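Protein sequences, first through last, are from chains A and B.
Yeah, the first sequence ends on 114 if you go by my numbering, and it's all consecutive.
Yeah, the second sequence ends on 222 if you go by my numbering, and it's all consecutive.
None of these hints come from the bench; they were simulated from the model.
In this text, all values refer to a predicted model and were calculated from it rather than measured experimentally.
Don't take each hint at face value.
[Unchecked claim] The calculated lysine-lysine pairs, modelled on PhoX-like cross-linking and capped at a C-alpha distance of 20 Å, are:
1) B:LYS219 to B:LYS156
2) B:LYS209 to B:LYS116
3) B:LYS159 to A:LYS7
4) A:LYS7 to B:LYS156
5) B:LYS193 to B:LYS219
6) B:LYS159 to B:LYS219
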Amino acid sequence: SAVISQKPSRDICQRGTSLTIQCQVDSQVTMMFWYRQQPGQSLTLIATANQGSEATYESGFVIDKFPISRPNLTFSTLTVSNMSPEDSSIYLCSAATGVAETQYFGPGTRLLVL
Amino acid sequence: RKEVEQDPGPFNVPEGATVAFNCTYSNSASQSFFWYRQDCRKEPKLLMSVYSSGNEDGRFTAQLNRASQYISLLIRDSKLSDSATYLCVVSGTYKYIFGTGTRLKVLA
Numbered sequence: 001s002a003v004i005s006q007k008p009s010r011d012i013c014q015r016g017t018s019l020t021i022q023c024q025v026d027s028q029v030t031m032m033f034w035y036r037q038q039p040g041q042s043l044t045l046i047a048t049a050n051q052g053s054e055a056t057y058e059s060g061f062v063i064d065k066f067p068i069s070r071p072n073l074t075f076s077t078l079t080v081s082n083m084s085p086e087d088s089s090i091y092l093c094s095a096a097t098g099v100a101e102t103q104y105f106g107p108g109t110r111l112l113v114l
Numbered sequence: 115r116k117e118v119e120q121d122p123g124p125f126n127v128p129e130g131a132t133v134a135f136n137c138t139y140s141n142s143a144s145q146s147f148f149w150y151r152q153d154c155r156k157e158p159k160l161l162m163s164v165y166s167s168g169n170e171d172g173r174f175t176a177q178l179n180r181a182s183q184y185i186s187l188l189i190r191d192s193k194l195s196d197s198a199t200y201l202c203v204v205s206g207t208y209k210y211i212f213g214t215g216t217r218l219k220v221l222a
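Make the full structure from the sequences, and use the hints.
See the structure below:
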């Protein structure tokens, strides 16, 4: 299994600002993902973070709004840019050791945009 | 049709009851299947992987039916601590698809 930490755990931000969320895995993993979870809803995949190349974004999510970095096999960041209240959500990082392998989640970052 | 569908519930059951959840998936090429548990305001945690032969872990039994494209989770002798949302997850190539989750509340 993989142990994943995220920071910050929560933040309250003003609209128009940006927040960068960090995700650290305790071991090298092949795959890292970023999800968003609105209150009372299931997880929505934002993008797959690819090591050494651009992230793969899902429909409805774009790089300008959610730039992602993955400089190595244990670390990734997600930036929520030019925030609006609609971006208020929980952002979750996850990792898997391989395709179709078990996915492990970080504790999430609770974001409130005023 | 959603790629992964679950009955959102809630399922309210008394302690000690047996409860079963189903989850259907649309992509016949899906490779791996999982049940996750998510408590309120917490991240999802793996409950069990689901294998073609079925698997059991204590009070929990998971089954996969590839022909009908569904997976199931059976919880026997429900405990109050089983109250949570149960997420069905289906993995294809390079992507995991989550169901909306089924809420379970075990009542004293």
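Earlier hints that do not hold, by number: The structure conflicts with no hint, since it agrees with every one listed earlier.
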